[in-house]
Amino acid sequence: MNKKERLDLANWAVNQAKKSGADQAAIDVSYNRNVEVGFREGKIEQLKESDQNSLSLSVYANRRYSSHRTNDMRKDSLSKFVQEAVAMTKYLNEDPFRLLPDPKYYEGGKKTNLELNDPAYEKVESTKRVEIAQKIEGAARAQSDKIISCTSGYSDNYYESAKVNSNGFEGEEYGTFFSAGAEVTVNDQRGRRPEDWEWATARFYKDLPSPEGLGKKASQRALAKIGQSKLESGSYDMILENRVGGRFLYSFFGPMSGRSLQQKSSFLDGKLGQRIGSDKLTLIDDPFIVSGMGSRLFDDEGMATKRRVMIDKGILKAFYIDSYYGRKLGMDPTSGSASNVVFDYGTESLDKLIEGTKRGILVNTFIGGNSNSTTGDFSYGIIGMYIQDGKVIKPVNEMNVSGNLAELLNQLVEVGNDPYIYSSLRTPTLCFKDVQFSGI
Amino acid sequence: MPKLTRREFLEMGAKGVVIATIPIIFKPNPAIAFLTPPEGKGKLNDYYKHFGVDEKTIREIMATALERGGDYCDLFFQHRITNSVGLEDNAVDRAYTNVDYGVGIRVIEGEQTGYSFTEETTSKAMKLAARTAANIASQNKTAPPGGLTFHQTPNYYPILTQWEDVGVDQKIPYLQTINQKVFALDNRVIKSQVSFSNESSYILVATSDGKIACDYQPMTAISVTCSAEQNGRREQNGFNLSGRQGIEFFTPENLDRLAKESVQRTIVMFDAIKPEGGEMEVVLAPGRSGILLHEAIGHGMEADFNRKGISIFSDKINKPVAKEFVSIVDDGTIPNSRGSINMDDEGNDTEKTYLVENGILRSYLHDHISARHYKVKPTGNGRRESFRFPPVPRMRNTYMLPGPHKREEIIGSVKKGLYAESFTNGEVHIGAGDFTFYVKSGWLIEDGKLTRPVKDINIIGNGPKVLENIVMVADDLKLSEGGGTCGKDGQSAPVSMGLPTVKVSSITVGGVS
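Note that the protein sequences, when read in sequence, are chains A and B.
Under this note's numbering, the first residue of the first sequence is numbered 1, with each subsequent residue one higher.
Under this note's numbering, the first residue of the second sequence is numbered 1, with each subsequent residue one higher.
Please keep in mind that the hints were generated in silico from the structure rather than gathered at the bench.
Ideal Cβ positions, reconstructed from N, Cα and C, are used throughout, including at glycine.
A hint or two may mislead.
Unchecked claim - Cβ-to-Cβ under 10 angstroms is the rule here; a few derived chain A residues that face chain B:
no., residue
1, Met1
2, Glu41
3, Tyr158
4, Tyr174
5, Gly234
6, Phe378
7, Tyr380
8, Ser402
Unchecked claim - Think about it this way: if two alpha-carbon atoms lie no more than 25 angstroms apart in a straight line, the pair counts; the simulated PhoX-like pairs of lysine-lysine are:
no., chain 1, residue 1, chain 2, residue 2
9, B, Lys415, B, Lys323
10, A, Lys280, A, Lys313
11, A, Lys75, B, Lys375
12, B, Lys316, A, Lys146
13, A, Lys80, B, Lys49
14, B, Lys56, B, Lys141
15, A, Lys3, B, Lys49
16, A, Lys4, A, Lys19
17, B, Lys260, A, Lys264
18, A, Lys104, A, Lys43
19, A, Lys90, A, Lys75
20, B, Lys323, B, Lys465
21, B, Lys465, A, Lys394
22, B, Lys406, B, Lys478
23, B, Lys465, A, Lys146
24, A, Lys433, B, Lys124
25, A, Lys433, A, Lys271
26, B, Lys375, A, Lys264
27, B, Lys375, A, Lys43
28, A, Lys123, A, Lys4
Use the sequences and the hints to build the structure in full.
Have a look at this one:
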């Protein structure tokens, strides 16, 4: 299927849905090609290659709603699929808030090339993929004889999708992702085998870091964990390394969603326009970053995207609200999901921020833990480094960090200059004052 | 995207995201009448017909897969229909369906794997996928099997009606009943969300060893989330039940439990505190606390990690790892349990495997590759998320056998500690042995008594150390009926677990000072 055929299929499915009795319908038709190489002990461990298709359909019939997905793309199957989807919807309870977005939200979007597709994708040869993985493993292995295992990998991905809403939206997206890295396990002589990883993801092949650098970094991270132990329970400053910031941010997406507000399960309910964090905290949803992981011109519902300041110097400015919960809440929709999240970055590097810390823990891995979106309570397992008088003293593990998100945001004292560019959540290093850790 | 080998466990609805479901329709065509005839070749012919293949085609595809050599290949056909219906604000106003169809083709040479899948089961599409998978090998061709022998499996999950025959209209009253009960139970309840999901998965596995086997795997769950308000403060919690069950699982008693447990667990949060953090004695309530085993030892015993030398248990087989009253099994045969399988996704028989027997570490959990590496019989743990993934060693239902102590005696023995009751998620690093699980609710134990409720704290420990620290095991084993999903290598799989009341003498509990 080429791009035009994909769009035609989406339009055909919209018409089928309407013929079957839907008042409105939204269709997504997507294609994805993925190739992965896993490499271990000088040999390919796994080669995986595949193409997949899917058609998703949202039905709005007599103020009732349902949503369906299939990967059986044969026209006769699809025709039956759409008919059954509409037929089934009629058994549900009525919900007057279920409608496609008001078409006014489709308008006024930015017209720009986000550069999400690398034309060089077509030219990446199988042998090159294996060679990258091999080089990463070689570089990782060369770091130390304490390495027990290194699994390196490379993958690339091409996607295309077409989206049609029956009330006047048509859109297409296509793009590429390239990813490479390694996981390394080392022997720390006490029967323990600490592990760590280094992975990079980019929209353009040329933006992947060197395989040697990735392998070396993965090993160095694992080696730095040798001799881990836990510290006394108590209050420490917390430095969150940029690569774990995404996991931390996820605890805010629930409470910032329209659904949590409407279902009264957000600790941020009623806080719009109020201070929720220190003035170091500025968070922006920016869909227009060139070659950004989460860049987009329209969102999951077809609404034109905008750059939005979500938190401005500690003041909560916006929530993530889709059209359905927006209607239920009587609020304008923003978007139901994040695109790229960026900060107002500071001027200091991670090393400088460590130097400025008297007694703290640099968290470079979260392990388990969760947060309560209704109350903001959180408790996470952590692995990291103990910092004293500006120096990295020793690796720590088997500790928990606990508290309340509402309080923690006010304890943010420094923001680094180093966004994590391998994710749509471009968190920098974040420093918090006096956070509760439990260990011994 | 980075494919991290994080081992994670999520209790359904843990993040407050209700995944909804649906209809009478989307019947496989032609429908597999698996109840008639349930046994033998007749059943196999239904599966052949369903996927539009026959023995001859399958052997041809195998010949293509092995045309560049390789020791082994297998084909995994799957058709899975997932439905969900959701209630919010007193209306059953959302329904979702997912239909997934395809075949995965795997070629193994030594410990190297070539994998591809196709969403069409035409001969042409399958040959193309087979050639892609064959790229892993680089020798002279291997002969495909001369014939395929049907392998009959037992049925550990009999149900009355296939899920495709249960319409959305039949499910709606269940959600409404639960919702009404939730609001009737306590006037502090302000919101209730109910999700009813079900799945039918049809699987046909053929291996170059000459085996062919098929299975129908049902699954269902109801998950309830409840929010309450008291003096301007809000709390939310929930409860779920799940299994390889039919709609008959949702008896009036079970609907009552769903409503009552979700309300009670929410209301108790108003009185709950965070304990003081640090190392302490922890007592685990029977049932869902089996998450401790899943994280502390289960993942570390998956043979792929041991074959590669990266598990903390790699050098401990046949060595003592716990007190002699500790026995831990991984069991695929429990009737209608969420983690049970009639066969694994490589067509191997499932079984009850002893990880720890009377304190001694016994067996890893194997898939085809690791069983061959260790020259042992496969344990039936080769599982995959779908036809899109090659199988890896995975747990099924993991639990500890009953021990010599009494629950009252265990709680009574604790001067100051924590009683952990409900959980949402956990994670482990299998090399260092660090593992965690998140306690949604529990109690403080003071002078041998449960005193105050506690909430929202993470527990972190080291697998082998915690096994050594299991100092008491009660005789009250309970298996979880909850909806646990395990994540590994980017693949998720349904699992279950169980535990009697257990005391761990020291482990780090998150908290405040």
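Do the hints match the structure? See the list:
1. A cut of 10 angstroms between beta carbons decides the hint on methionine 1/A: the least distance to chain B is about 13 angstroms, and the hint is violated.
2. For glutamate 41/A, the interface hint holds, the least distance from its beta-carbon to any beta-carbon of chain B being 9 angstroms, beneath 10 angstroms.
3. Interface restraint check for tyrosine 158/A: the shortest CB-CB distance to chain B comes to about 13 angstroms, outside 10 angstroms, so the restraint is violated.
4. This hint is violated: tyrosine 174/A has a C-beta 17 angstroms from the nearest C-beta of chain B, more than the 10 angstroms allowed.
5. Interface hint at glycine 234/A: satisfied, since its Cβ lies 6 angstroms from the closest Cβ of chain B, which is below the 10 angstroms cut-off.
6. With a cut of 10 angstroms, the hint placing phenylalanine 378/A at the interface with chain B holds, because the nearest CB-to-CB distance is about 7 angstroms.
7. Hint status for tyrosine 380/A relative to chain B: holds, with the closest Cβ pair at about 6 angstroms, below 10 angstroms.
8. The beta carbon of serine 402/A comes within 4 angstroms of a beta carbon in chain B, closer than 10 angstroms, and the hint placing it at the interface holds.
9. Of the supplied pair hints, the one linking lysine 415/B and lysine 323/B holds, its CA atoms being roughly 22 angstroms apart against a limit of 25 angstroms.
10. A hinted pair counts as satisfied when its Cα atoms are at most 25 angstroms apart, and lysine 280/A with lysine 313/A qualifies at roughly 6 angstroms.
11. Annotation: proposed proximity of lysine 75/A to lysine 375/B is violated, straight-line Cα distance about 48 angstroms (limit 25 angstroms).
12. For a cut-off of 25 angstroms, the pair hint linking lysine 316/B to lysine 146/A stands: about 20 angstroms separates their Cα positions.
13. Among the hinted pairs, lysine 80/A with lysine 49/B is consistent with the structure: their alpha-carbon atoms are about 20 angstroms apart, no more than 25 angstroms.
14. For the given pair, lysine 56/B sits about 19 angstroms from lysine 141/B by alpha-carbon distance, which is consistent with the 25 angstroms threshold.
15. Between lysine 3/A and lysine 49/B the CA atoms are separated by roughly 34 angstroms; this puts the pair beyond 25 angstroms, and the hint is violated.
16. Taken as a hint, the lysine 4/A and lysine 19/A pair is honoured in the structure, with Cα atoms around 22 angstroms apart against an allowance of 25 angstroms.
17. A distance of roughly 20 angstroms separates the Cα atoms of lysine 260/B and lysine 264/A; the hinted pair therefore holds under the 25 angstroms criterion.
18. At roughly 55 angstroms between alpha-carbon atoms, lysine 104/A and lysine 43/A are farther apart than 25 angstroms, so this suggested pair is violated.
19. Restraint check: the Cα-Cα separation between lysine 90/A and lysine 75/A comes to about 23 angstroms, which is no more than 25 angstroms; the hinted pair holds.
20. At most 25 angstroms may separate the alpha-carbon atoms for a hinted pair to count; lysine 323/B and lysine 465/B meet this at roughly 12 angstroms.
21. Distance restraint check for lysine 465/B and lysine 394/A: the Cα-Cα separation of roughly 21 angstroms lies within the 25 angstroms cut-off, and the hinted pair is therefore satisfied.
22. As the CA atoms of lysine 406/B and lysine 478/B are separated by approximately 14 angstroms, the hinted pair is consistent with the 25 angstroms bound.
23. About 23 angstroms separates the Cα atoms of lysine 465/B and lysine 146/A, which keeps this hinted pair within 25 angstroms; it holds.
24. In summary, the hint linking lysine 433/A to lysine 124/B is not supported, as the alpha carbons are separated by about 62 angstroms, beyond the 25 angstroms threshold.
25. The hinted pair formed by lysine 433/A and lysine 271/A meets the criterion: a straight-line CA distance of about 23 angstroms does not exceed 25 angstroms.
26. With a C-alpha separation of about 56 angstroms, the suggested pair lysine 375/B and lysine 264/A falls outside the 25 angstroms cut-off, and the hint is violated.
27. The suggested pairing of lysine 375/B with lysine 43/A holds, with an alpha-carbon distance near 22 angstroms, which does not exceed 25 angstroms.
28. The suggested pairing of lysine 123/A with lysine 4/A holds, with an alpha-carbon distance near 23 angstroms, which does not exceed 25 angstroms.
Violated hints, listed in ascending order, are 1, 3, 4, 11, 15, 18, 24, 26; each of the other numbered hints is respected by the structure.
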